[in-house]
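A.B. asks: Start from the sequences, fold in the hints, and give me the full structure.
Quick note on our numbering: the sequence shown kicks off at 169 and runs consecutively.
Derived from the structure by calculation, the hints contain no laboratory data. Hints are all accurate, no fakes.
With a Cα cut of at most 20 Å, we get these calculated EDC-like pairs of lysine to aspartate or glutamate:
(1) K293 <-> E239
(2) K449 <-> E385
(3) K206 <-> E276
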Amino acid sequence: MSEYTPPKVWTHDAENGGRFANINRPTAGAREQRELPKGDNPFQLYSLATPNGVKASIMLEELLEAGHSAEYDAYTINIGDGDQFGSGFVAINPNSKIPALVDRTGVEAIRVFESGAILLHLAEKFRAFQPTGQARAEMLSWLFWQIGSAPFIGGGFGHFYAYAPQKFEYPINRYAMETKRLFSVADQRLGESRFLAGEDYTIADIATFAWLAPFVEGNIYNDAKTFLSIDEYANVARWVEEIAARPAVQRGRIVTKVWGDEASQLRERHSAADFEGKVLKPSKPE
169 MSEYTPPKVW THDAENGGRF ANINRPTAGA REQRELPKGD NPFQLYSLAT PNGVKASIML
229 EELLEAGHSA EYDAYTINIG DGDQFGSGFV AINPNSKIPA LVDRTGVEAI RVFESGAILL
289 HLAEKFRAFQ PTGQARAEML SWLFWQIGSA PFIGGGFGHF YAYAPQKFEY PINRYAMETK
349 RLFSVADQRL GESRFLAGED YTIADIATFA WLAPFVEGNI YNDAKTFLSI DEYANVARWV
409 EEIAARPAVQ RGRIVTKVWG DEASQLRERH SAADFEGKVL KPSKPE
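C.D. replies: Shown next, in the form of structure tokens:
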């Protein structure tokens with residue numbers, strides 16, 4: 169590998185961006201006028217069933233399972249096709265990332281973007297899946313630990329191991345080490361308590377499960393489970409198995425899913441009836 173010498177002024181090289189080179193640019197904002205579909209339910213979710221995307225749909229399904237009035241419409245935003253750069257989506261999330269939520273339960277509609285913000289907004293609104301007192305501080309710590317760590321797993325390890333146009337030892341080793349360190353952090357914590365914040369299931373678990381479960385199940389970044397020796401993390405595996413068995417989690421994981429067996433896909437969600445006949449189990453993304 170030849171050594172790279174950075175130029176004095178960086179310029180965008182659209183031909184050297186890997187799998188997502190056709191959509192990645194160093195600028196923000198809408199690229200085309202495109203309105204978003206809207207349903208009749210109080211919440212409108214625009215997402216894709218990636219690790220970040222399923223956090224919101226799992227949370228909404230958990231709220232419904234618990235008896236809260238959290239009915240929602242969900243629409244697929246295909247990030248590979250650049251749907252996130254349509255004017256309607258950018259108006260909800262100027263950062264052009266999924267998921268994004270519109271809360272229409274009040275006098276005026278409220279936009280909420282970034283997965284952690286959506287989880288916290290819904291938890292506070294319904295007073296659900298968040299503890300009180302000292303446990304709340306623990307929950308917030310683990311929630312933001314996950315939010316801050318995800319780029320090392322996805323944009324770091326995932327990109328250089330699975331999506332970069334060429335494989336280079338240094339970045340793969342750097343982010344493999346960090347991903348394993350994060351698994352070790354979670355594994356040690358889950359050796360002390362049933363869930364991340366203690367004995368109660370919270371939004372910290374929802375956020376973290378969305379990223380760690382695919383590695384445990386072997387459903388992400390080709391053979392990353394073997395490469396990273398994920399079976400070493402027995403406490404994480406126990407926790408993943410328990411959460412993956414929750415009916416709301418199983419439903420939430422297929423909302424806006426557009427790959428794999430067609431019976432496990434749900435491109436739009438408008439009511440519980442949409443899950444009839446669906447296969448509620450993880451499947452490997454294309």
